[in-house]
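Asker: Take a look at the letters that make up each chain.
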Amino acid sequence: MNRATVVKLASVSAAVAILIALPYLISSYYVSLISIVFISAILASSINMLAGDANLVSLGHAGIAAAAGYGLAWAARQGFDLGGQLAVAGIMTVITSVVYGLISMRTRGIFFLMVTLAAGMVCYGIAFRWSSVTGGDNGLTGISRPPGLAEYWQFYFFVLAIFVIVTIALVITSRSPFGLAMRGIRDSETRMRSLGYNVANYKFVAVFLSGVVAGIAGVLAVWQFEFISPSAGGFDRSAMVMVMVIIGGIGTLFGPLLGATLVVSIEQVLSTYVDRWPMILGALFIAVVIFAPQGLDGGIRQLAAWFRRRRSPKDSPITGTSRDVPKQSTSTHQ
Amino acid sequence: MDPIFVLQQILNGLSFGALLFLVASGFTLTFGLMQIANLAHGAFYVLGAYVAVVTVTATHNFWIGALAGTAVAAGTGLLTERALLRRVRGREMPEVLVTVGVLIVIADLVLAVFGGHPRSVSSGNGAPSGAIVIGEFVYPQYRLAIIVLTIVIAVALFVLQKHSRVGAIIRAGVDNREMASAMGINIDKVFTAVFLFGAALAGFAGAIGSGLLSLTPGSGTDILLFALVVVIIGGLGSIKGAAVGAVLIGLIDAFAKAWLPDFSYFTIFAPMALVLVLRPNGLFGRAA
Numbered sequence: 001m002n003r004a005t006v007v008k009l010a011s012v013s014a015a016v017a018i019l020i021a022l023p024y025l026i027s028s029y030y031v032s033l034i035s036i037v038f039i040s041a042i043l044a045s046s047i048n049m050l051a052g053d054a055n056l057v058s059l060g061h062a063g064i065a066a067a068a069g070y071g072l073a074w075a076a077r078q079g080f081d082l083g084g085q086l087a088v089a090g091i092m093t094v095i096t097s098v099v100y101g102l103i104s105m106r107t108r109g110i111f112f113l114m115v116t117l118a119a120g121m122v123c124y125g126i127a128f129r130w131s132s133v134t135g136g137d138n139g140l141t142g143i144s145r146p147p148g149l150a151e152y153w154q155f156y157f158f159v160l161a162i163f164v165i166v167t168i169a170l171v172i173t174s175r176s177p178f179g180l181a182m183r184g185i186r187d188s189e190t191r192m193r194s195l196g197y198n199v200a201n202y203k204f205v206a207v208f209l210s211g212v213v214a215g216i217a218g219v220l221a222v223w224q225f226e227f228i229s230p231s232a233g234g235f236d237r238s239a240m241v242m243v244m245v246i247i248g249g250i251g252t253l254f255g256p257l258l259g260a261t262l263v264v265s266i267e268q269v270l271s272t273y274v275d276r277w278p279m280i281l282g283a284l285f286i287a288v289v290i291f292a293p294q295g296l297d298g299g300i301r302q303l304a305a306w307f308r309r310r311r312s313p314k315d316s317p318i319t320g321t322s323r324d325v326p327k328q329s330t331s332t333h334q
Numbered sequence: 001m002d003p004i005f006v007l008q009q010i011l012n013g014l015s016f017g018a019l020l021f022l023v024a025s026g027f028t029l030t031f032g033l034m035q036i037a038n039l040a041h042g043a044f045y046v047l048g049a050y051v052a053v054v055t056v057t058a059t060h061n062f063w064i065g066a067l068a069g070t071a072v073a074a075g076t077g078l079l080t081e082r083a084l085l086r087r088v089r090g091r092e093m094p095e096v097l098v099t100v101g102v103l104i105v106i107a108d109l110v111l112a113v114f115g116g117h118p119r120s121v122s123s124g125n126g127a128p129s130g131a132i133v134i135g136e137f138v139y140p141q142y143r144l145a146i147i148v149l150t151i152v153i154a155v156a157l158f159v160l161q162k163h164s165r166v167g168a169i170i171r172a173g174v175d176n177r178e179m180a181s182a183m184g185i186n187i188d189k190v191f192t193a194v195f196l197f198g199a200a201l202a203g204f205a206g207a208i209g210s211g212l213l214s215l216t217p218g219s220g221t222d223i224l225l226f227a228l229v230v231v232i233i234g235g236l237g238s239i240k241g242a243a244v245g246a247v248l249i250g251l252i253d254a255f256a257k258a259w260l261p262d263f264s265y266f267t268i269f270a271p272m273a274l275v276l277v278l279r280p281n282g283l284f285g286r287a288a
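Taken in order, these protein sequences are the chains called H and D. FYI, the numbering used here numbers position 227 of the first sequence as 227, with every residue one higher than the one before it. FYI, the numbering used here numbers position 35 of the second sequence as 35, with every residue one higher than the one before it.
Keep in mind the hints are simulated off the structure, nothing from the lab. A virtual CB, placed ideally from N, CA and C, is assigned to each residue, including glycine. One thing to keep in mind: the hints can contain errors.
Short, incomplete list of chain D residues facing chain H, as computed with Cβ under 8 Å [as the list claims (entries may be wrong)]:
id, residue
1, V88
2, R89
3, P94
4, V229
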């Protein structure tokens, strides 16, 4: 084990220890806030997986999350037991993910973005208009968390565990032959096609898998807020999630969490002081896209590399061999 | 089925389709030339609409309002292209992401300046108002005027694109950017001009749309969805496709609103999904 691995393991264990200790250290308000961060980060991870490995940036995944959330909420209101509620949420997730996959599997780049945007808006529209089932603009209220998760700290630990599991699962997927094939498709569809890969099928599976992750986030969000309304699936929501991914650093491991932390802080904390927080967030987003395409994660890595160089003058700053900058996937052209 | 009802729905569909064409043609023109999916297009629409409503209230002249809305949208488009998009030129994903950022900022700006209450342009004020009555058939003149006006604009666009020097330059730019600039065309200026023109069309659509649909800060993303569906069905970059898609979606939406009000979003989505599965490049689109 070299030094870098030790440092990495130590910092990850320290982070996990702090996260487990948090509910004993800070007030319930902040613990709930961190739960929201993790739920948003799970949704952001679902988009990040597609954006990083496949260069497919989605502007509609909030629609899948909302479909799952509405499934759960509707079943809860109908008096289904927990298993039944989760089954309905699961069916909704599968249906929407399959539809998203089918309509987007032959697209790429901005076409994919526009198609998912339209699909998400339709989810929003159905939630808004089909009021006999969805409650229309008022949404569905009074959905309580299952027993065992009712307390805010119990739910926090549950969300934390799900986040860790989802993140590990996504890392495994990304490192699997499937993930490799997706990166191959990202770099050249023509090459992969001539190697005998069915590009559309791979994209379908990728969208489906990310849809499942989005569905998990949707269920958790309903349990967090004990409420769901059409805006959960709307364009603004999808855009915010995409903003999290881009600001955090596209295709990076901690990008979604960093981005979710920043966006949720602005959304929930800054909004009590400043009315015009979406404008600030939008301007920040534009600045990141133009000036820091690698996002926060990339920025922190660059900063760390800079510190390392300063500490060990053996590394020439000109060749910059110790630079550890993630591959910039936003500008990949086919 | 009542023929008068059907005729009214057809005209409703055509007038909404006319509005969609104005929004979608600007979008598709920008995309065809610059490969930019300008999602801020919805924001230009809403900006034009609010400026028009406020100006009409102040001046009591509909056409001054429409002009002001068009001008403000065009100015914002110019600023977006010059100050922001230019910095990420040629990189498709950052370009579209910048336009998303612009959309977020303008939507919030509109909310801050004009408030969240639904508005609409006061009728009359030099715009056609009242209804046309033929026997039992009654229909608002304003909607008929939109249809006629849009047909004039559409024909002008076609003629301009096919038979004028400007149109030839734009077609050359669409076909081969490098070759066009090698022939001495300042393609950068053409980009700016087309982007500005697209924004102006969106602003104008917003101005006349504010008399047709209710106007809220969220109207921008609503109309953007419809425009996206129109261009995805018609084929990105094709004005002909935008016209066919707009009429199709306008009609489908009008009849869906009358017969299946709960699912009116779904009914425009179904044809889009069908087109995407059967012809991924749209009805009139070229292979990407």
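Asker: If you check each hint against the structure, which ones fail?
Answerer: Those not satisfied come down to hint 2.
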